[in-house]
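> Here's the letter readout for the chains.
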Amino acid sequence: MKENAMDNIKISAKNVQVYYADNHAIKDVNVEIEDKTVTAFIGPSGCGKSTFLRCLNRMNDTIDICRVEGDILIEGEDIYDRRVDPVQLRAKVGMVFQKPNPFPKSIYDNVAYGPRIHGLARGKADLDEIVEKSLRSAAIWDEVKDRLDAPGTGLSGGQQQRLCIARAVATAPEVLLMDEPCSALDPIATAQVEELIDELRQNFAVVIVTHSMQQAARVSQKTAFFHLGNLVEYGETNQIFTKPSDPRTESYITGRIG
Amino acid sequence: MSAFWLTITVLILSAFGAYAGRAQSLRVAGGDARKLHSLPKYYSSFVALGVLIPCLFVLVIWLFAQPKLIERGAEQMLNASSEPSLVMSDVRRVADGLGVAVAQGALSETEAHAPIENLRDVLGGVGVALGNEVTPDVLSAAQGMRAQEQRGNQFRMFAVLGLAALTLVFGLSRITPEFRARNAVERVVLALLITAASLAILTTVGIVLSMIFETRNFFGLHSWKDFFFGVKWAPNFRGDSELSILPLLWGTIYISLIALLVSVPIGLFAAIYLSEYAGPKTRGVAKPLLEILAGIPTIVYGLFALLTIGPLLLNTFGSGGLLGVEWMSGATAVLTAGLVMGIMLIPFVSSLSDDIINAVPQAMRDGSLGLGATKSETIRQVVIPAALPGIVGAILLAASRAIGETMIVVLGAGAIAKFSANPLDAMTTITTRIVSQLTGDGDFASPETLVAFALGLTLFVLTLGLNIIALYIVRKYREQYE
Ligand SMILES: Nc1ncnc2c1ncn2[C@@H]1O[C@H](COP(=O)(O)OP(=O)(O)OP(=O)(O)O)[C@@H](O)[C@H]1O
Ligand SMILES: [Mg+2]
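Line by line, the protein sequences are chains A and B. Take the first sequence: its letter number 47 is residue 47 in the UniProt record's numbering, and every next letter is one higher. Take the second sequence: its letter number 160 is residue 160 in the UniProt record's numbering, and every next letter is one higher.
Watch out, some of these pointers could steer you wrong.
Listing some non-contacts, in silico: residues in chain B with all C-beta distances to chain A over 12 Å [to be verified]: (1) F16; (2) Q362; (3) M364; (4) R365; (5) S368; (6) A373; (7) T374; (8) K418; (9) F419.
Partial list, derived from the structure: chain B residues whose beta carbon lies under 7 Å from chain A [claimed, not checked]: (10) A112; (11) P115; (12) A359; (13) G372; (14) E377; (15) V382; (16) L388; (17) P389.
Keep in mind that the hints were calculated from the coordinates and are not lab data. Glycine included, C-beta positions come from ideal geometry on N, C-alpha and C.
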């Protein structure tokens with residue numbers, strides 16, 4: 001591990017613009033996301049949080065009308081460079097979606113999906129171990145260990161979301177992007193996922209989009225506030241929530257922009 | 001008054017009712033439509049429908065019932081004869097002929113009721129040919145029938161017009177500002193819709209019942225053991241036929257199987273390409289093109305089999321062909337029909353699969369892509385497994401179409417019923433045999449003709465079963481994502 005604070009930067013975005021056809025959805029965003037840190041993206045609906053998040057693993061490539069400009073570097077490597085394979089990139093930058101989306105396969109196969117595709121396991125025993133470790137780290141192992149062959153779609157919403165987290169963790173990513181991972185969950189499952197995020201921070205850079213100020217305050221160390229496609233303010237979570245420097249941030253966190 | 005003019009009159013009366021209903025509603029409201037429970041147009045429709053529906057109903061029933069009743073009367077008059085159905089058809093011809101003769105002026109109305117000497121010549125002169133000489137009782141029966149018909153038509157006119165006047169007056173008298181014409185019209189509309197729906201169901205039931213009835217007749221004349229478990233299809237119109245469904249079923253299944261082997265992979269891959277890879281432009285062109293292909297009448301595919309695919313196969317596998325083998329003796333073969341039927345089914349399979357693949361939620365694809373899977377990995381490991389039940393349903397629907405297909409097989413597969421594993425042999429199917437047993441002039445009481453109904457019923461049960469299973473699977477699959 002490198003000592004220098006500057007070297008702790010995992011992702012750095014420079015002058016990023018995103019257009020959906022003529023709609024300028026992200027306007028000149030510059031941000032540096034640190035490794036082994038939870039970064040929260042907050043902001044009113046439609047301000048471009050998901051759009052920016054999807055830039056970080058090039059999921060926007062799957063949308064025909066979407067165009068991204070500017071540079072996004074992960075560990076100094078431009079991910080929009082021609083030589084970068086977006087498929088490989090997505091293995092390195094995992095994503096958990098707003099709505100739980102388990103595959104219509106068994107719980108085991110859901111988690112084993114990534115490792116199988118990328119050939120991460122050396123054998124059946126190895127794969128079993130990865131699956132168990134991922135399910136444990138997503139705090140769902142105890143609930144499903146007796147029914148790994150049951151379909152993943154048969155779980156409850158909160159269990160499905162944790163399964164999706166386990167699935168993302170199983171590919172051993174370096175960065176984990178989470179787009180409103182708790183919006184479909186009850187308070188208990190939310191608490192479990194938040195605890196989980198805190199643990200994941202030991203190994204990954206985690207970026208989480210959330211509509212809950214409390215959640216952002218609880219789980220993140222850094223917070224970025226987006227408004228109408230602009231990155232208005234980015235800094236320590238404590239500072240953003242106690243002494244925001246921009247009036248727009250202040251009115252949002254106190255509930256006046258919504 | 002003829003039924004046509006009677007209908008027109010009823011329509012005019014009903015239109016008048018519409019006008020009068022509106023006027024009456026405004027009158028009872030003192031010219032202020034806001035005092036009415038419903039808008040004036042509802043009073044107008046209420047009166048119009050109140051005239052139209054009962055009158056047309058009575059007219060239709062009358063049109064069906066009157067000839068039956070009159071014929072029964074005439075039959076009783078003639079009960080001496082040994083073959084009532086033959087004599088009755090003569091009577092009907094003579095009665096109709098007299099009507100034509102009067103209409104064309106060859107006979108006067110009074111002459112048509114008196115005994116006629118040279119009836120054959122008179123009717124021949126107006127274009128109605130009679131087979132054998134008309135006996136006096138046939139003539140008098142025919143004349144009686146005609147007289148009754150004329151009387152009946154007169155009654156019909158009085159009944160329908162009377163009813164129209166009655167309903168018109170009744171409808172108008174119901175109109176008060178409180179009368180809920182809007183709700184009444186609503187009920188009438190509902191009743192009409194229910195009638196339409198039940199007519200559709202009733203005709204289906206009717207078709208099935210008539211098939212069951214004729215099939216029962218068939219099994220009265222022919223052993224069911226031979227039909228279901230015999231080995232030979234050899235209809236012989238002098239009697240003593242062997243009529244087993246098994247060789248036909250074999251041909252049907254063999255051809256359908258080849259058709260599915262052609263259409264399922266091609267259709268499915270086309271659907272995957274269109275729904276997952278093609279850009280909006282390509283899709284915009286290719287989808288309508290495929291759908292046009294689905295609209296080509298099957299007889300055209302049959303011609304294609306007869307004129308193109310068959311000779312092509314013969315030039316390849318026949319004697320003196322490209323391969324130098326002698327496996328095929330004629331252009332009609334299982335393979336010819338199967339290939340062409342497969343081509344016919346491609347758009348069917350692809351458009352169904354396309355719908356089903358599109359129904360797989362985008363979130364599922366995103367999930368897989370987000371884990372670093374490529375597009376084809378995503379399709380193979382997530383999209384197709386998720387869509388599989390629906391695709392199986394689509395294949396079963398395609399199979400039931402293949403089993404019921406007729407024209408391609410008539411032109412492409414030949415007419416020989418046999419068990420053979422060679423796809424280059426001519427074979428035949430259930431549908432083509434139904435056609436051939438019913439065309440030509442066999443009489444409708446022989447097992448050789450009636451077997452068509454037994455074949456048809458079996459086919460119906462087969463395809464119905466396939467469709468039910470397919471729809472069940474498809475529906476089950478849809479529920480999964482709702
Ligand atoms: N697939 C798309 N096609 C076209 N426009 C899009 C698409 N996705 C997002 N947009 C547009 O981009 C802008 C930002 O959307 P985005 O989904 O990033 O907002 P968000 O901040 O995630 O909102 P929310 O909190 O409601 O999820 C919106 O104006 C939206 O209309
Ligand atoms: Mg969003």
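> Does F16(B) sit more than 12 Å from chain A, CB to CB?
The assertion about F16(B) holds, with a minimum of 59 Å to chain A.
> Classify the label on R365(B) as holds or violated, using whether its beta-carbon is more than 12 Å from each beta-carbon of chain A.
violated (8 Å)
> So, P389(B) near chain A? Judge it on the closest CB pair being under 7 Å.
Given a least distance of 10 Å, the restraint on P389(B) is violated.
> Regarding the assertion that A373(B) does not contact chain A, is the least Cβ-Cβ distance greater than 12 Å?
violated (5 Å)
> Next item in the hint list is P115(B). Is there a CB on chain A closer than 7 Å to its CB?
violated (85 Å)
> Was S368(B) rightly flagged as not at the interface, with every chain A Cβ beyond 12 Å?
violated (7 Å)
> Using Cβ atoms only, decide whether A359(B) comes closer than 7 Å to chain A, and label the hint accordingly.
violated (13 Å)
> For K418(B), which was marked as not at the interface, is the minimum beta-carbon distance to chain A over 12 Å?
holds (45 Å)
> Beyond 12 Å from every Cβ of chain A: is that where the Cβ of M364(B) lies?
violated (6 Å)
> Minimum Cβ distance from A112(B) to chain A below 7 Å?
With a minimum Cβ separation of about 79 Å from chain A (threshold 7 Å), the hint on A112(B) is violated.
> Taking the shortest Cβ-to-Cβ distance between F419(B) and chain A, state whether it exceeds 12 Å.
holds (42 Å)
> Determine whether the non-interface label on Q362(B) survives the test: each CB of chain A must be over 12 Å from its CB.
With a cut-off of 12 Å, Q362(B) comes too close to chain A, as the shortest Cβ separation is near 9 Å.
The structure is inconsistent with the numbered hints 2, 3, 4, 5, 6, 7, 10, 11, 12, 16, 17, although it conforms to all the rest.
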